[in-house]
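Construct the entire structure; sequences and hints are all you get.
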Amino acid sequence: MTGARHRVVVTGLGVVTSIGTGVDAFAAGLRAGRSGAKPITAFDTTGFAYSNACEITDFDPEAWITEQSPDDLGRAAQFAVAASRMAVADAGLTEEQVRGVRSLVSVGTTDGESRDLDHLTGLQVTSGDDVLDAVVARRVWPGRLSAGIVRELGLEDVETVTVPTACAAGNYAVGYGYDAISSGDVEMALCGGADALCRKTFTGFYRLGTIAPDVCRPFDADRQGILTGEGAGILLMESLESALARGARIYAEVLGYGLSCDASHPVAPDRDSIARCITAAHRNAGIEAADVDFISAHGTGTKANDVTEVGAIRQVFGDELPRTVSIKSMIGHTMGAASALASAACALALRDGFIPPTVNHRTTDPECAVDCVPNEAVAADLKVVQNNGLAFGGNNAVLVLGRWDTAPVPTVA
Amino acid sequence: MAAETGAPPAELVISGWAVSSPYGLGRAAFAGGLASGRRAIAPLDGADWPVPYEEAGLIPGFDIKAVLGRKGTRSMDRVTGIAATTVGMLLEEYGTGLAADPESTGLVLGTSGSVQSIMDFTRDALTGDKPYLVDPARFPNTVMNCPTGQSAIRHTLKGPNVTVSGGAATALLSLQYASRLLRGGHGRALLAGAAEEFSVQRARLERVADHGGAAPQPLGEGAALFLLQDAADARESGRPVLATVLGSRFRAFQDTARAGTALERCVADVLAAAGATPDDVELIAPGTPPGLLGKQEESALDGLTGNRLPVRSLVGDAGAASAAFQLAAVLAEAEADPRLVDRLTLVTAVDRDGTAGALLLRLA
Chain A
1 MTGARHRVVV
11 TGLGVVTSIG
21 TGVDAFAAGL
31 RAGRSGAKPI
41 TAFDTTGFAY
51 SNACEITDFD
61 PEAWITEQSP
71 DDLGRAAQFA
81 VAASRMAVAD
91 AGLTEEQVRG
101 VRSLVSVGTT
111 DGESRDLDHL
121 TGLQVTSGDD
131 VLDAVVARRV
141 WPGRLSAGIV
151 RELGLEDVET
161 VTVPTACAAG
171 NYAVGYGYDA
181 ISSGDVEMAL
191 CGGADALCRK
201 TFTGFYRLGT
211 IAPDVCRPFD
221 ADRQGILTGE
231 GAGILLMESL
241 ESALARGARI
251 YAEVLGYGLS
261 CDASHPVAPD
271 RDSIARCITA
281 AHRNAGIEAA
291 DVDFISAHGT
301 GTKANDVTEV
311 GAIRQVFGDE
321 LPRTVSIKSM
331 IGHTMGAASA
341 LASAACALAL
351 RDGFIPPTVN
361 HRTTDPECAV
371 DCVPNEAVAA
381 DLKVVQNNGL
391 AFGGNNAVLV
401 LGRWDTAPVP
411 TVA
Chain B
1 MAAETGAPPA
11 ELVISGWAVS
21 SPYGLGRAAF
31 AGGLASGRRA
41 IAPLDGADWP
51 VPYEEAGLIP
61 GFDIKAVLGR
71 KGTRSMDRVT
81 GIAATTVGML
91 LEEYGTGLAA
101 DPESTGLVLG
111 TSGSVQSIMD
121 FTRDALTGDK
131 PYLVDPARFP
141 NTVMNCPTGQ
151 SAIRHTLKGP
161 NVTVSGGAAT
171 ALLSLQYASR
181 LLRGGHGRAL
191 LAGAAEEFSV
201 QRARLERVAD
211 HGGAAPQPLG
221 EGAALFLLQD
231 AADARESGRP
241 VLATVLGSRF
251 RAFQDTARAG
261 TALERCVADV
271 LAAAGATPDD
281 VELIAPGTPP
291 GLLGKQEESA
301 LDGLTGNRLP
311 VRSLVGDAGA
321 ASAAFQLAAV
331 LAEAEADPRL
341 VDRLTLVTAV
351 DRDGTAGALL
361 LRLA
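Taken in order, these protein sequences are the chains called A and B. Each residue of the first sequence is one higher than the one before, starting from 1 at the first, in our numbering. Each residue of the second sequence is one higher than the one before, starting from 1 at the first, in our numbering.
These are calculated hints, taken from the structure and not from any lab test. One or more of the hints may lead you astray.
Below, simulated DMTMM-like cross-link-like pairs (lysine to aspartate or glutamate); rule was C-alpha separation at most 25 Å, straight line [as the list claims (entries may be wrong)]: (1) B:K130 - A:D129; (2) B:K295 - A:D157; (3) B:K65 - B:D124; (4) B:K295 - B:D269; (5) B:K65 - B:D48; (6) A:K303 - B:D135; (7) B:K130 - A:D214; (8) A:K303 - A:E288; (9) A:K303 - A:D352; (10) B:K130 - A:D44; (11) A:K383 - A:D293; (12) B:K295 - A:E156.
Each pair of labels, with its calculated beta carbon distance range [as the list claims (entries may be wrong)]: (13) B:E55 - A:D222: 56 to 66 Å; (14) B:P52 - A:A221: 49 to 59 Å; (15) A:G209 - B:D45: 55 to 65 Å; (16) A:G154 - B:T156: 36 to 46 Å; (17) B:A42 - A:V131: 21 to 31 Å; (18) B:A274 - A:G311: 44 to 54 Å; (19) B:A209 - A:D44: 25 to 35 Å; (20) B:S75 - A:D405: 48 to 58 Å; (21) B:T156 - A:E67: 40 to 50 Å; (22) A:K303 - B:S75: 21 to 31 Å.
All C-beta atoms, glycine included, are put in the ideal place defined by N, C-alpha and C.
Written out as structure tokens, the structure reads:
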């Protein structure tokens, strides 16, 4: 696309999910097709006919947050900080080494600390409009999601930004890191997404009739919607030169990404616009559709999303669709963390040679007929994978990752 | 036309701008207000605004339906209305030709959405007959990218549509994001800037926030957006080059006492990268946060002799839109003062969550 850019690789992963915290537990969960679905405990669900979500019930903020008071961070920021610490360690770096280079921290989110805003609203309702929990009130602004990481790691030569571009935000944040490193602006980047379960978002999706009563079944004829989820995924990225110079283990190369905006409807996805986004990503990455070995779909498991998304994929790929999976079947829809966690899953898939399954699957819907790798992971020799992120506001972002040792050299587009 | 075309921009410029501020809608009101030095902060009607503040910088008489019409505005919240209005003003004045290439035209908006919309939605859930009896049309308002996405819908902007957030530095981060997108080939023309609303819930939350150890200042609201593109594209389409973006630098500080050092480094780095010296800076629009943060910013800018443009003291603490107003003030000043042609200008921000940033421009 442009000359003399740096190649960008992923060398560290940090994940907090309902099927496992830490890259090894997450990888094992993906391979085993584990499900994080369970009854919600995050808030009182009295009055809802059903209320499963992919909640994280074993997260211990004190284990990860040591340089600031965990109470200064909301749950989403706590996830983000924990995942960042993991990503640095997983990359074989000390935090001092990260402090020594110019970096970018970009964290995507849908809801920021809306769980805290739920809490503050609840206080107003029960105790009066003037009643405020000041400790919580000070941590609700979304900037804290990225600033919390910077504070925890003691970074100074860093650009810190939160990217609240809803449910594709993780891909936006990772794409931004790719551009910042490939242009030479920064040497390393900690990028991804984080969100915490909250009443507000569960209620909104429930009201829209898009919450599944039991589990999430993407591409299934009987799919009934999403399960809300929570967690964080952070990718540590650096230039290929930097990774090679320090002998780092490389999960994957970031080949490029594309963005598009539907500019048509606030919540309904638009097939042509998604197809345009996929095409832009392929062009940016210097690949052809036929190069893609599998697609990690947005795959929410709603009627509308899966048909529209597969239609868009078909528009670009023709009848030769690559296997198309949704890890939301396992970890739920983790909102702003979703495409970041899916990016992490893609990176693991490339390194370890497997495709994560779409679990809870019974009968594929002919309206969105894909090989979704039903229920059991498969071994696969992968070179290029595509990760879709779609969001409210018609905000689409598609990321392309490649196995670094065999990745095609990007061609001029 | 594809979103990615041609070579990366050689020279990024601002070729248009628009502002909605406590002085009113439009550039003329803003420029006139600043030039007069009149404070745009007015007493609040406690019945309309039950907030722990006596005064605020509201966009005078802002009424979404009056400005944008009834279509598509039934459930629109205030920050979305402000953003969509400002995007519309920019496109109306400077948008010639952009509509022909909607897929390469995008929006990078700095905003943290509307805490009012989020909390109202949860309140409805908690107080209704059933916990799910909420207005589904208002659900998108509770997601922070709503102003960005809605602005794209109203004005058919199909290129990159990105929402960014970073406190008082938000608008500088937004311009940086847009610059990288353009350099990365993700679009040809991007509107970049920030929007903020005044609301009861924002006021309640801001009242207890850390204001550098000082008392909270009156809150402001509004939006300012800037059209960013390659200089050659701007000239080809008959748009004026108002300023060249020379670069931005950001750093973090762990405690407030280090904020000045962080900003000083940002300024030194951004000047050095542009091959400029402190003496070249003719005009500075600092963030002027209250308390210790403000003192830190002042000390960081000590070595610069350029004129200071006060903004916050006149329009209030505009939250996410703060630095967008500062940049708008610079462009308003440049329009009025021909001596600023070819001179450098700095916009700086120091955010309470630990970010310092500086944006360097050459005025045209």
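Right, here's what the structure says about each hint:
1. For the hint pairing B:K130 with A:D129, the CA-to-CA distance comes to about 21 Å; that is within 25 Å, so the pair holds.
2. Pair hint B:K295 plus A:D157 holds up; C-alpha atoms about 22 Å apart against a cutoff of 25 Å.
3. At most 25 Å may separate the alpha-carbon atoms for a hinted pair to count; B:K65 and B:D124 meet this at roughly 23 Å.
4. A distance of roughly 21 Å separates the Cα atoms of B:K295 and B:D269; the hinted pair therefore holds under the 25 Å criterion.
5. A threshold of 25 Å between alpha carbons decides the hint, and for B:K65 with B:D48 the separation of about 18 Å falls inside it, so the pair holds.
6. Taken as a hint, the A:K303 and B:D135 pair is honoured in the structure, with Cα atoms around 21 Å apart against an allowance of 25 Å.
7. For the given pair, B:K130 sits about 21 Å from A:D214 by alpha-carbon distance, which is consistent with the 25 Å threshold.
8. A hinted pair counts as satisfied when its Cα atoms are at most 25 Å apart, and A:K303 with A:E288 does not qualify at roughly 29 Å.
9. Only pairs whose Cα atoms come within 25 Å are accepted, and A:K303 paired with A:D352 is rejected, the gap being roughly 32 Å.
10. This hinted pair checks out: B:K130 and A:D44 have alpha carbons roughly 13 Å apart, not beyond 25 Å.
11. The hinted pair formed by A:K383 and A:D293 meets the criterion: a straight-line CA distance of about 7 Å does not exceed 25 Å.
12. In summary, the hint linking B:K295 to A:E156 is supported, as the alpha carbons are separated by about 20 Å, within the 25 Å threshold.
13. The hinted range of 56 to 66 Å is satisfied by B:E55 and A:D222, whose Cβ atoms lie roughly 58 Å apart.
14. The supplied range of 49 to 59 Å is met by B:P52 and A:A221, whose beta-carbon atoms lie about 55 Å from each other.
15. Against the hinted window of 55 to 65 Å, the Cβ-Cβ separation of A:G209 and B:D45 comes to about 40 Å, which falls outside the hint.
16. At about 45 Å, the CB distance of A:G154 to B:T156 agrees with the hint of 36 to 46 Å.
17. A hinted range of 21 to 31 Å holds for the C-beta pair B:A42 and A:V131, which are about 28 Å apart.
18. For the pair B:A274 and A:G311, the supplied restraint of 44 to 54 Å holds, since their beta-carbon distance comes to about 48 Å.
19. Between B:A209 and A:D44 the Cβ separation comes to about 29 Å, which falls inside the hinted range of 25 to 35 Å.
20. Distance hint check: the CB atoms of B:S75 and A:D405 are about 51 Å apart, consistent with the given range 48 to 58 Å.
21. Hint check: B:T156 to A:E67, Cβ distance near 46 Å, so the stated range 40 to 50 Å holds.
22. Checked against the given bound of 21 to 31 Å, the beta carbons of A:K303 and B:S75, roughly 23 Å apart, stay inside it.
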